[in-house]
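Novice: Taken in order, these protein sequences are the chains called Y and S. Number 372 in my numbering belongs to position 372 of the first sequence; there are no gaps in the numbering. Number 90 in my numbering belongs to position 90 of the second sequence; there are no gaps in the numbering.
Everything labelled a hint here was simulated from the structure, so no lab data went into it. Among these hints, one or two may not hold up.
[Stated by the list, open to error] Computed cross-link-like contacts, DSS-like style, restricted to lysine-lysine with a CA-CA straight-line distance of at most 27 angstroms:
#	chain 1	residue 1	chain 2	residue 2
1	S	K245	S	K86
2	Y	K326	S	K86
3	S	K144	Y	K326
4	Y	K12	S	K150
5	Y	K8	S	K144
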Amino acid sequence: MNLLLTFKIALKALSRNKMRSMLTMLGIIIGVGAVIAMIAIGQGASSQIQSQIAQLGNNMLFVMAGSSRTGGMRGGSGSTNTLTVEDSEAIARECPSVRMTTPGVRAGGQLVFGNQNWSASSGIMGVNENFPDIRSWPVTSGEFFTEGDVRTSARVCVIGKTVADNLFAGVDPIGQTMRIRNLPFRVIGVLSTKGQGQFGNDQDDTVMVPYTTAQKKMLTITYINQVMVSAISPSATFTAENQISDLLRQRHKLGPNQEDDFFVRNLTDVAEAADQSSKIMINLLASIAGVSLMVGGIGIMNIMLVSVTERTREIGIRMAIGARSKVIRRQFLIESITLSFVGGLIGVLFGVAAAITISRTLSWPTLISPASIFISVIFSMLVGILFGYYPARKAASLDPIDALRYE
Amino acid sequence: MAVGAQVIIGEEAATRKDEELEGSGASAQELITLNHVHKIYQMGDVEIHALRGVSLHIKPGEFVAIMGASGSGKSTTMNILGCLDKPTKGHYYLEGQDVSKLTKDELADIRNRKIGFVFQGFNLLARTTAIENVELPLLYLGAKHSERIKRATECLELVGLGQRLHNMPNQLSGGQQQRVAIARALVNQPSIILADEPTGNLDSRTSIEVMGVFQYLNRERGITVALVTHEPDIAQYAKRVVVFKDGKIKRDYLVDDPRSASEELESLPPVDVDETEDDE
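With the sequences and hints as input, model every part of the structure.
Specialist: In structure tokens:
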């Protein structure tokens with residue numbers, strides 16, 4: 001009596017009562033479907049958070065100038081002018097965990113084009129050619145300024161999407177000349193849309209110019225406000241933080257008892273906290289769904305037990321014509337595994353459909369992972385074995401004489 | 001050397017078997033030998049002595065009717081003959097093999113290969129076609145698909161249901177269902193067919209038809225049949241009658257002139273010319 005034949009017998013027995021088979025599977029279908037959909041939602045949320053993290057920049061850290069202290073009065077962060085272009089270059093050169101840096105010089109001022117004028121809410125930023133890479137913020141049209149533009153303090157600028165829409169309504173801004181703080185600048189590129197920043201500010205309402213131009217032609221200063229740093233990897237941001245801190249303390253000649261005159265902000269910190277919370281959410285959703293899968297399994301056991309009672313005569317007939325108890329046990333076990341496995345497969349379809357529907361109607365991001373499909377199908381089969389074993393053993397232990405006489 | 005050794009072992013075994021048979025009073029040409037069989041059921045504190053020393057010998061080709069009132073021990077005897085139950089005391093030899101000491105699994109195999117069952121309530125699998133019901137014993141024997149289909153078809157044709165291979169039990173009349181059950185009992189070419197009240201659920205005409213099938217199989221195919229019945233009329237179709245009372249055999253006699261189902265059917269008015277067509 002080989003397994004294949006037992007399998008055939010079990011399949012025939014199941015197909016003989018399709019309604020009961022379907023209802024039994026329903027529990028597993030819902031359970032697996034729930035697991036797939038829940039994990040898809042959770043992972044969708046997680047990947048959205050991760051892409052938001054990526055949007056913050058390429059493993060990014062900010063170095064801000066610290067607070068000044070004049071007598072007893074302390075200024076706010078960035079109020080000192082101790083941070084220099086040389087600091088920025090030294091960080092890039094001497095910190096092993098740092099990939100690249102750009103100085104950052106903030107300026108404000110009115111933008112004018114033709115008879116339009118506009119004040120960019122995120123201000124005017126002086127940066128170098130590394131900026132698009134560090135912030136993961138490429139241009140959509142035109143190009144970013146080059147190292148040469150930075151060296152020669154060229155009067156070129158790259159504008160954000162909001163500025164392009166408001167100042168250059170209906171006109172292609174590339175190649176146009178606009179005035180920033182009354183100085184003429186040639187627009188050479190438009191940045192891609194970045195959306196809202198962490199505090200709801202419109203990051204696209206901005207203008208980028210070479211930091212040299214900002215320092216010399218707009219502000220006539222020699223210091224910089226910040227350094228934007230890109231570390232070599234997400235985990236390297238933490239070592240980079242320490243390396244930068246040590247380097248700057250040394251460069252600024254700060255004694256052991258002196259406070260830092262700068263701040264290092266690690267954006268990955270925030271990001272990882274967010275990522276962590278989304279992982280907790282996935283686990284929560286998956287365990288709720290797992291419980292429903294368990295309930296589905298108990299449903300299978302229920303129906304299988306009822307089925308053993310209902311089919312007592314059938315079992316008696318099978319035993320009378322020569323089925324060994326082992327074969328009967330296998331038949332019932334295979335029946336329950338088949339129910340849970342097929343239920344699992346249908347559940348996968350349902351789960352995927354549900355995930356797609358949710359992401360369409362509620363516009364939640366969902367991500368269907370092959371691993372969750374694989375695991376929930378395997379798990380549903382295990383449920384079948386676990387909850388099918390007892391009814392199968394019960395069927396196999398029946399006495400053929402009693403079973404045949406059963407009404 | 002290996003071959004020689006095998007032969008010796010074979011001879012030894014054969015000798016031992018002969019001795020055993022002689023010692024037990026079973027003879028090699030007997031199909032069924034019950035030797036002083038007792039069966040005691042334990043119902044709580046009460047012991048029920050269902051069989052009190054039954055000895056019965058059935059030769060190949062016999063047609064035996066087992067009769068008796070309920071509680072006489074005829075069903076218990078049938079269960080033991082069918083290897084569904086084991087004697088508490090005594091021995092049961094089926095084709096010379098002592099089956100009273102076999103395990104559950106070995107008994108299942110014996111039932112599969114050597115015994116064909118026909119029950120009062122037909123006991124066909126519901127929602128299963130006639131041919132699938134008939135091929136079931138072959139499935140447990142492990143026969144190939146083509147072999148199963150071939151033999152199941154043959155057996156259904158033998159009982160006159162060649163046109164009904166793919167009908168479900170609920171599309172068949174009682175007589176037809178019982179004939180499917182007979183085909184199922186036949187399909188493994190058993191040593192004996194055991195029928196437990198096969199006409200109990202049938203009207204008199206259909207009963208005669210079913211008895212006709214048994215008589216045909218016994219007469220033309222040489223198949224041994226043992227059937228339990230409480231109807232004296234039905235017992236008269238058999239060649240031999242064994243009457244049980246209080247767990248013992250009370251009478252065991254040959255029927256002088258058994259009734260012939262085929263002749264009786266001819267003399268009956270042809271009420272339903274073809275019963276197989278009017279039932280759906």
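Novice: If you test the structure against every hint from before, which numbers come out violated?
Specialist: Structure breaks no hint.
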